[in-house]
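**Q** Residue strings, one per chain:
Number of protein chains: 2
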Amino acid sequence: MVIADAKRGDIGNTSSMYAKSVYEHFKCDAVTIHPYMGEDSVRPFLEYEDKLNFILALTSNSGASDFEKLKLEDGTFLFQKVISKVNSWNSKRNCGIVFGATKIAELKENINSFENLAVLLPGVGAQGGSLEEVVKTFKENNRLNLVVNVSRGILYKSTGTDFGEAAQNEIAELNKTVINLL
Amino acid sequence: MVIADAKRGDIGNTSSMYAKSVYEHFKCDAVTIHPYMGEDSVRPFLEYEDKLNFILALTSNSGASDFEKLKLEDGTFLFQKVISKVNSWNSKRNCGIVFGATKIAELKENINSFENLAVLLPGVGAQGGSLEEVVKTFKENNRLNLVVNVSRGILYKSTGTDFGEAAQNEIAELNKTVINLL
Chain A
1046 MVIADAKRGD IGNTSSMYAK SVYEHFKCDA VTIHPYMGED SVRPFLEYED
1096 KLNFILALTS NSGASDFEKL KLEDGTFLFQ KVISKVNSWN SKRNCGIVFG
1146 ATKIAELKEN INSFENLAVL LPGVGAQGGS LEEVVKTFKE NNRLNLVVNV
1196 SRGILYKSTG TDFGEAAQNE IAELNKTVIN LL
Chain B
1046 MVIADAKRGD IGNTSSMYAK SVYEHFKCDA VTIHPYMGED SVRPFLEYED
1096 KLNFILALTS NSGASDFEKL KLEDGTFLFQ KVISKVNSWN SKRNCGIVFG
1146 ATKIAELKEN INSFENLAVL LPGVGAQGGS LEEVVKTFKE NNRLNLVVNV
1196 SRGILYKSTG TDFGEAAQNE IAELNKTVIN LL
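Sequences listed follow chains A and B, in order.
All the letters of the first sequence, read from the start, carry residue numbers 1046 to 1227 under the numbering used here.
All the letters of the second sequence, read from the start, carry residue numbers 1046 to 1227 under the numbering used here.
These are computed hints drawn from the structure, not numbers from a lab.
Incorrect hints may appear among the rest.
Since the list can't tell identical chains apart, any single copy or any two copies may satisfy a pair.
[What the hints assert, rightly or not] Computed cross-link-like contacts, DSS-like style, restricted to lysine-lysine with a CA-CA straight-line distance of at most 30 Å:
no.: 1; residue 1: K1153; residue 2: K1096
no.: 2; residue 1: K1096; residue 2: K1181
no.: 3; residue 1: K1153; residue 2: K1126
no.: 4; residue 1: K1130; residue 2: K1181
no.: 5; residue 1: K1114; residue 2: K1153
Keep in mind it's a predicted model, so treat the numbers as computed, not measured.
Whole structure, please, built from the sequences with the hints as guidance.
**A** Here is the structure:
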């Protein structure tokens, strides 16, 4: 499964071309999308029924507190409003959200609002998120629709000539951790 | 002036590479940026002192009402919070905002909060924004730090073999409109 972590999001006619580029030209299976510009900026991606569109909800970085965690008039957080909107866009079951593996407390508090959304969780490894905590949380909530992304933790596992082997071993270790928890 | 309307925005180390790509490889003068992920996703762009970073505030599309116009706990709108944050990031005077030319009422209400920000205004032409209204509003507020973007209104002015001439004439007309208003 190839996920284009392209963080797209633009006015409708431009998003249409981005969707075409990611799904038809590059033939990716999924893409990450910025929600800020709202429904018509996301809609063109949703026309692709056999793809998976991961919309940013609560991201793994510290800046998540600047806007994503702002409290709205009704007492909810902006990222919760995003999750609620994405649920409403998911009639074709091709929507997901991005939720930082570094935000375990928020994950536990919000996991029951994810309805049928697939969840992409970056932040394990270099960013400090715990793979064990993430998998346990999903298991405890009887969910298995998660994709845990580890980038630098694998890519930069070794700077020596053994980087290929080191990366492969790290992937094997991570997979073993997940299998043992399920 | 070349503005990369790339709508970038990612975790810090990725944004650093995007900034390098846009400014060092492609040698653009400015870029558009998604604010959703917060300060550390924008910061790498701000290191380039002689560039101009236009952060999305209130966009020209209908989806702007989904999140950008959500009311926060303190009674302000999300896009107003973004403008306020961008003001606080503007110590090097290399920040701007994107504000839809289709949103004249909001432009009039908020223009005095723009402090030293340059303003990129898309939405004139195909999207229905009025060039006259935009320029008048800036003039009435003694501001000249605006960039009005017209894309499809010029690019698709003619589908015939005269498209070059038609586009050139449209640019001349638009410039004449601006000059007459100033």
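**Q** Taking 30 Å as the upper bound on the Cα-Cα distance, should K1130 and K1181 be classified as within, between, both, or neither?
**A** Intra 26 Å, inter 37 Å, cutoff 30 Å: intra-copy only.
**Q** How would you classify K1153 and K1126 at a CA-CA limit of 30 Å: within, between, both, or neither?
**A** For K1153 and K1126, both the intra-copy (17 Å) and inter-copy (28 Å) Cα distances are at most 30 Å.
**Q** First find the shortest C-alpha distance between K1153 and K1096 inside one copy, then the shortest across copies, and answer within, between, both or neither for a cut-off of 30 Å.
**A** Within one copy only: 27 Å inside, 41 Å across.
**Q** For the identical chains here, do K1096 and K1181 meet the 30 Å Cα criterion within one copy, between copies, both, or neither?
**A** Classified as within: same-chain Cα gap 27 Å, cross-chain 45 Å, threshold 30 Å.
**Q** At most 30 Å between C-alpha atoms: does K1114 with K1153 qualify within a copy, between copies, both, or neither?
**A** both (15 Å within a copy, 28 Å between copies)
Hint violations for this structure: none, all hints satisfied.
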